[in-house]
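Protein chains: 2
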Amino acid sequence: MNKIYNPTADSWASILERPTKTVNDIEGTVKEIFAAIQKDGDLAVAKYTTQFDGVSFENIEVTTAEIEAAIASLPADLKDAIALAKANVETFHKVQQTTRVSVETVEGVQCWQEKRPIQKVGLYIPGGTAPLFSTVLMLAVPAKIAGCKEIVLCSPPDKQGNINPAILYAANLCGVTKIIKVGGIQAIAGMTFGTNSIPKVYKIFGPGNQYVTVAKQLATQFGVAIDMPAGPSELLMVADDTAVPAFVASDLLSQAEHGTDSQVILVSTSKSMMDAVENEIQSQLEVLPRKAIAEKAIANSKLIFVENDEIALDLINEYGPEHFIVCTANNDFYVDNIENAGSVFIGNYTPESAGDYASGTNHTLPTNGYAKNYSGVNLDSFMKSMTFQKISEKGIQNIGKAIEIMAEAEGLQAHKNAVTLRLAEIKKRK
Amino acid sequence: MNKIYNPTADSWASILERPTKTVNDIEGTVKEIFAAIQKDGDLAVAKYTTQFDGVSFENIEVTTAEIEAAIASLPADLKDAIALAKANVETFHKVQQTTRVSVETVEGVQCWQEKRPIQKVGLYIPGGTAPLFSTVLMLAVPAKIAGCKEIVLCSPPDKQGNINPAILYAANLCGVTKIIKVGGIQAIAGMTFGTNSIPKVYKIFGPGNQYVTVAKQLATQFGVAIDMPAGPSELLMVADDTAVPAFVASDLLSQAEHGTDSQVILVSTSKSMMDAVENEIQSQLEVLPRKAIAEKAIANSKLIFVENDEIALDLINEYGPEHFIVCTANNDFYVDNIENAGSVFIGNYTPESAGDYASGTNHTLPTNGYAKNYSGVNLDSFMKSMTFQKISEKGIQNIGKAIEIMAEAEGLQAHKNAVTLRLAEIKKRK
Numbered sequence: 001m002n003k004i005y006n007p008t009a010d011s012w013a014s015i016l017e018r019p020t021k022t023v024n025d026i027e028g029t030v031k032e033i034f035a036a037i038q039k040d041g042d043l044a045v046a047k048y049t050t051q052f053d054g055v056s057f058e059n060i061e062v063t064t065a066e067i068e069a070a071i072a073s074l075p076a077d078l079k080d081a082i083a084l085a086k087a088n089v090e091t092f093h094k095v096q097q098t099t100r101v102s103v104e105t106v107e108g109v110q111c112w113q114e115k116r117p118i119q120k121v122g123l124y125i126p127g128g129t130a131p132l133f134s135t136v137l138m139l140a141v142p143a144k145i146a147g148c149k150e151i152v153l154c155s156p157p158d159k160q161g162n163i164n165p166a167i168l169y170a171a172n173l174c175g176v177t178k179i180i181k182v183g184g185i186q187a188i189a190g191m192t193f194g195t196n197s198i199p200k201v202y203k204i205f206g207p208g209n210q211y212v213t214v215a216k217q218l219a220t221q222f223g224v225a226i227d228m229p230a231g232p233s234e235l236l237m238v239a240d241d242t243a244v245p246a247f248v249a250s251d252l253l254s255q256a257e258h259g260t261d262s263q264v265i266l267v268s269t270s271k272s273m274m275d276a277v278e279n280e281i282q283s284q285l286e287v288l289p290r291k292a293i294a295e296k297a298i299a300n301s302k303l304i305f306v307e308n309d310e311i312a313l314d315l316i317n318e319y320g321p322e323h324f325i326v327c328t329a330n331n332d333f334y335v336d337n338i339e340n341a342g343s344v345f346i347g348n349y350t351p352e353s354a355g356d357y358a359s360g361t362n363h364t365l366p367t368n369g370y371a372k373n374y375s376g377v378n379l380d381s382f383m384k385s386m387t388f389q390k391i392s393e394k395g396i397q398n399i400g401k402a403i404e405i406m407a408e409a410e411g412l413q414a415h416k417n418a419v420t421l422r423l424a425e426i427k428k429r430k
Numbered sequence: 001m002n003k004i005y006n007p008t009a010d011s012w013a014s015i016l017e018r019p020t021k022t023v024n025d026i027e028g029t030v031k032e033i034f035a036a037i038q039k040d041g042d043l044a045v046a047k048y049t050t051q052f053d054g055v056s057f058e059n060i061e062v063t064t065a066e067i068e069a070a071i072a073s074l075p076a077d078l079k080d081a082i083a084l085a086k087a088n089v090e091t092f093h094k095v096q097q098t099t100r101v102s103v104e105t106v107e108g109v110q111c112w113q114e115k116r117p118i119q120k121v122g123l124y125i126p127g128g129t130a131p132l133f134s135t136v137l138m139l140a141v142p143a144k145i146a147g148c149k150e151i152v153l154c155s156p157p158d159k160q161g162n163i164n165p166a167i168l169y170a171a172n173l174c175g176v177t178k179i180i181k182v183g184g185i186q187a188i189a190g191m192t193f194g195t196n197s198i199p200k201v202y203k204i205f206g207p208g209n210q211y212v213t214v215a216k217q218l219a220t221q222f223g224v225a226i227d228m229p230a231g232p233s234e235l236l237m238v239a240d241d242t243a244v245p246a247f248v249a250s251d252l253l254s255q256a257e258h259g260t261d262s263q264v265i266l267v268s269t270s271k272s273m274m275d276a277v278e279n280e281i282q283s284q285l286e287v288l289p290r291k292a293i294a295e296k297a298i299a300n301s302k303l304i305f306v307e308n309d310e311i312a313l314d315l316i317n318e319y320g321p322e323h324f325i326v327c328t329a330n331n332d333f334y335v336d337n338i339e340n341a342g343s344v345f346i347g348n349y350t351p352e353s354a355g356d357y358a359s360g361t362n363h364t365l366p367t368n369g370y371a372k373n374y375s376g377v378n379l380d381s382f383m384k385s386m387t388f389q390k391i392s393e394k395g396i397q398n399i400g401k402a403i404e405i406m407a408e409a410e411g412l413q414a415h416k417n418a419v420t421l422r423l424a425e426i427k428k429r430k
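Those protein sequences? They're chains A and B, same order as listed. With my numbering, the residue at position 398 of the first sequence is 398, and numbering never jumps. With my numbering, the residue at position 167 of the second sequence is 167, and numbering never jumps.
Check before you lean on any hint, since a few could be wrong.
One copy or two, it doesn't matter: identical chains are merged, so the pair holds either way.
What the hints assert, rightly or not - In silico lysine-lysine, DSSO-like type, Cα no more than 30 Å apart, as pairs: (1) Lys428 with Lys271; (2) Lys39 with Lys296; (3) Lys394 with Lys159; (4) Lys149 with Lys271; (5) Lys427 with Lys291; (6) Lys79 with Lys427; (7) Lys144 with Lys430; (8) Lys79 with Lys159; (9) Lys178 with Lys200; (10) Lys427 with Lys86; (11) Lys86 with Lys401; (12) Lys94 with Lys394; (13) Lys401 with Lys47; (14) Lys401 with Lys428.
No lab work stands behind these hints: they were computed from the structure. Note that the coordinates shown come from a computational prediction; the quantities given were computed from them, not determined experimentally.
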């Protein structure tokens, strides 16, 4: 752990720097796979599945029988836990529903804004050691509430050609319309171009490794939208003497176990709290199954002492953390003034893992400083807003002159004509 | 004009195909300029301004004296027109303001969502023949309402080193905090990296030519967000015998004058309306100052006859027009069922130019089929939504068990520990 005391503001940028990743060496591979799948469709998908996942099989769409087997295999207590989490995620995303916003800007000029669902969305769920069924909830629940017609889920098969039953269970529960056993770059390429087995979608959501991240970036060059650019997960916590060192340590460690590149930062106005947390981390770390991973992330972590809450806040806003936990005597100050953060966790009994699983907020959040310019996934992520306007004869008479003058000043005569013709016709009739 | 009668659904994709542009040849230039400006800052900016705009000068920030001169030079009727347009854009974007959305998902678990402004935004306004001061209103007004702290505007200088006074006037009126005389790739690169003269921003908005479009795409690889990918402007109009041929023709032409690559499509259930519109276009075209441009766009335009409104709607949703004008006996059917469109104009007295200038809706809209997955610029474009959660002892007791089970099933023991520790501490105390 790196302890830093009272860093000057001009050193913040270097202290808070995230590890930069070069994607150039990956880009070639990603482009090659995209080109192959655009050209050869399912044939190319099968080839890369064999190559990367070490398995080959005929039907890549998950069958009803497979889903039924997954449902039967899952322990009851896990089903109950998923049900509770799903209910909370539903509750929180349903209250985000908005109604049409309408206003008569001037007499006779009615304007309104409505959100309508993105019709076809694709959800990517990584495979590997941790089967992220919680991410299925976080993406499929709002997609369903938004009213997306087609909800496609892609996840890589294991060596036996199966997807983890908890992922299948959650996908089925949340109304995913099609589950495809395909992972990595080939999944993103498949949803970008469409193949016989994989539907083409309009927007792709979900986490993934570096390959998936680069593939999602490339997908945007082919007309597909993505939820947000991804980076390693990160947590910044601010804690003073009102915090509980053991709790603080447990939160920092729960972030650290994600990956060796996870970012863990503690900001504190108390040196003794910093020391106590450091000790707690060492003892809690010992018993973790993912100790090897967490240890590396913790080695790169930073404990930063600052003199007061104002300085802490400025530093935190400069960083823009994905997850931001606040445990201080002054929580409202942070909550009211935080400008850049993905999700904020307030108080001693609000661990980050609550938001990861079951509080109801979404865990798909902007990392890598993107909290400065991107929202986390929310209901609106699955919709687009459209505007409407309906102008009466009276209305065009009210704004027509202004349009004519502005169009002429911009040198767009035909724009002006469209109004002039209408005004003349109204005048002639009257 | 290409008249197409009753096209079969399997031919829609090719009929509705937009001209594809290859950006590969531009990409090299854009990357080179980005690298130079990242390295040499203002020095490189000056070099490219000389090269591309044919002008060089010391101070690239617009001064108060220049703004005052612009204010003095602008005709009163244009100022009045801008004032009216600004008021309507303000009215429409102010009603889009939302309050915090809050819910207790289960007892003791309070979750809420708040939108906070993106602190630093950059607005790009093209130069050239048409000084798009209307776009200044469309971007700066919502940025101001959102509460963005820094609103930077870049626009290329003319041969005398000036920006069009109407652009300066509108920028000053709308609260732009800094106006910089820089255009094209160098403007986008400048706002991406920041230079001594050009502030680094978090999100870049605004239209531009192919170079600007590719530069904005590249900017996203350096952590900057953009409003949306751009493409040539387009209009699809559906009209039956209740429409006025002269009005329809004037709307199609106002789209056509934007550029030779503008997309203009008329869908109709009336063959006689199609013929009448064709004649009207010919006669109105003759007197247009931008006839040469409009003529080329019109030559590529399509008039498509279909049997009924249902088929028309399917075809329109497949296309996803940026601008969609509806003039039929059945307007509500289209308005209620349109799934993909940027902005919708309803009835005989609602020309597209109303939305371009003064109705109040935003004219920065998704083109190129992006209406399927992107919103047009709106108030939320200048904000990001953040989530918050505050859990009480009771709350963590209510959801703790579910978190423990899910975290364990995902193999994330430290996530589980963060809850277990808290539950144990509560139990011990009680």
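Verification of the supplied hints:
no.	hint	in the structure
1	Lys428 with Lys271	between (82 Å within a copy, 28 Å between copies)
2	Lys39 with Lys296	neither (42 Å within a copy, 33 Å between copies)
3	Lys394 with Lys159	neither (69 Å within a copy, 43 Å between copies)
4	Lys149 with Lys271	neither (54 Å within a copy, 34 Å between copies)
5	Lys427 with Lys291	between (81 Å within a copy, 27 Å between copies)
6	Lys79 with Lys427	between (69 Å within a copy, 25 Å between copies)
7	Lys144 with Lys430	neither (52 Å within a copy, 41 Å between copies)
8	Lys79 with Lys159	within (25 Å within a copy, 69 Å between copies)
9	Lys178 with Lys200	within (12 Å within a copy, 43 Å between copies)
10	Lys427 with Lys86	between (60 Å within a copy, 27 Å between copies)
11	Lys86 with Lys401	between (54 Å within a copy, 14 Å between copies)
12	Lys94 with Lys394	between (39 Å within a copy, 23 Å between copies)
13	Lys401 with Lys47	neither (63 Å within a copy, 43 Å between copies)
14	Lys401 with Lys428	within (17 Å within a copy, 75 Å between copies)
Going down the numbered hints, you'll see the structure goes against 2, 3, 4, 7, 13, while the others check out.
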